[in-house]
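*Asks:* Sequence:
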Amino acid sequence: MGSSSSSYAPKTVYLDVDGKVQRVIFSRHCSPCDIKELLCTSSNIARNSAILLVDTEGALISIDPTMPTNSPNNLYKVVPHSGQGGEKEDMFQNVLSQVAEQFSRAFRINELKTEVTNRLAMLEKRVELEGLKVVEIEKCKNDLKKLRDEMTSRGGASSHFGDTRVNCNCKYNFTDDGKKLSPRRDVPSYPKYTLSQETIEALKKPTFDVWHWEHNEMLSCLEYMYHDLGLVKEFNMNPITLKRWLLAIQENYRENPFHNFRHCFCVSQMMYGMIHLCNLQVWEKLTMTDMCILMTAAVCHDLDHPGYNNTYQINARTELAVRYNDISPLENHHCAVAFQILAMPECNIFANIEPESFKQVRQAIITLILATDMARHGEILDSFRQKVDNFDFTNEEHVKCLKMVLIKCCDISNEVRPTEVAEPWVDCLLEEYFMQSDREKSEGLPVAPFMDRDKVTKPTAQIGFIKFVLIPMFETVMKLFPQIEEIMVQPLRDSRDHYEELKQIDDAMSEAQKKKTESMSLGKKK
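Numbering (our numbering), first residue to last: 1222 to 1747.
Honestly, the hints are just simulated from the structure, not real lab data. C-beta atoms are modelled at their ideal positions from N, C-alpha and C, and glycine is treated no differently. Mixed in with the good hints there might be a few duds.
30 Å max Cα-Cα, derived DSS-like pairs, lysine-lysine [to be verified]: (1) 1688 / 1735; (2) 1624 / 1506; (3) 1688 / 1724; (4) 1506 / 1426; (5) 1608 / 1688; (6) 1736 / 1724; (7) 1688 / 1425; (8) 1580 / 1624; (9) 1736 / 1679; (10) 1735 / 1724; (11) 1662 / 1506; (12) 1700 / 1624; (13) 1737 / 1700; (14) 1676 / 1688; (15) 1735 / 1662; (16) 1464 / 1662; (17) 1464 / 1426; (18) 1506 / 1700.
Here are the computed distance ranges between Cβ atoms for each label pair [to be verified]: (19) 1742 / 1673: 26 to 36 Å; (20) 1641 / 1566: 42 to 52 Å; (21) 1267 / 1738: 57 to 67 Å; (22) 1294 / 1611: 55 to 65 Å.
Full structure from sequences and hints, please.
*Replies:* Written out as structure tokens, the structure reads:
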């Protein structure tokens, strides 16, 4: 579910420079130091000057990639700042910054040299072990040659001013209209994580603890899932292309409190677990194509989510809401981003299947991602309930409906996990909700009670959702797959009881505090 008004989120701010409007665009990968230099240059100020960024009311704006965007009618202004230490201190800080930057660049060059050596060794070994096609081998060799040629020039940030744009060593460059330019063709550099047998078995279970894994480890787990399910072999995927695709996916999830790459991994791992738990890979039930559709939709389902839901997009009349006519704007955007990535030859894991087969896979993935819009929850669940008692795995419509329900289950399955794994996700979700409701209040937009920090608590946020959304849906799926009751449905019932107990405690404490306040008030009157 998700997205912003620009496809890959380069950030734009507008400055007042001598009475003229100056537009500044920078990548979310830029460092505060890069952004500071860019603001200085755009405002005709010496690049190493100490500066402040203020809005029209004189309030200070933090100079970093998370700074709020503005509009040409609400300009920021760059103000030189001498500080208390005077010119000597500024000079010292500038020299210190330059020395640090030189060290950083030296380290980056050394890292690139090591990276080239490691990749060449890995490529040669893979050629021997996997017997890549001659064309693919030559392509990879050319890629490595290009990487060597680029190594000396990839030390710093390049910028263009006027219509200002910055590339801070990003994996991809984007234009204002969201189209990708010059994607990386080299083999992704995330370290290979070798999965233990214990991890392999744990990946198949909903109890898997997703908090103990770094991004490179999660990428390796996802890569393993595609190999283990036989999807790489079935669809003749180039293993190097699979790596590139996964890295591109990870790069295009934002660092939101909730809708981030770890959430993507949670949903994908739960889908992998349900496939094994429900024996869906058995040929009589779902096909290999169905498996691939389920996994790929899970991986892509929240690409480029901005942290603000469909209600905000529609009420704020964002570009996404306008583009998709208020119809699942975020989910439509996730689909668009997913297939923009797959459209690049370097990331197209479906390059070796027939065009007609790809067309069917594409349509099915779109259907599943659009099904994650919670506004359609009742409609999809009712449709499945009508089929579940006489479910027919040979009926295309029945299977399509099942896949929609499965991705919905995985998308909102955190409470299936153990409490110590599930509860931190509630905090993350509330943080994202509060971020949205605070913005809605500041913009004069309607605020949903369950997102208002002044009205919601963790127990009240969870009880209704578990009782009226999660349990009914999983119990319906349980009719088709009784084996999920113990490991998935029962934990939901336990979670409901847990939060109801917490609510009783909260209510008792609130009542005691109320009586104490009333007693004190009466005492003062006497």
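*Asks:* Any hints this thing doesn't respect? Which numbers, in order?
*Replies:* Hints 11, 13, 16 are the ones this structure does not satisfy, whereas the remaining hints hold.
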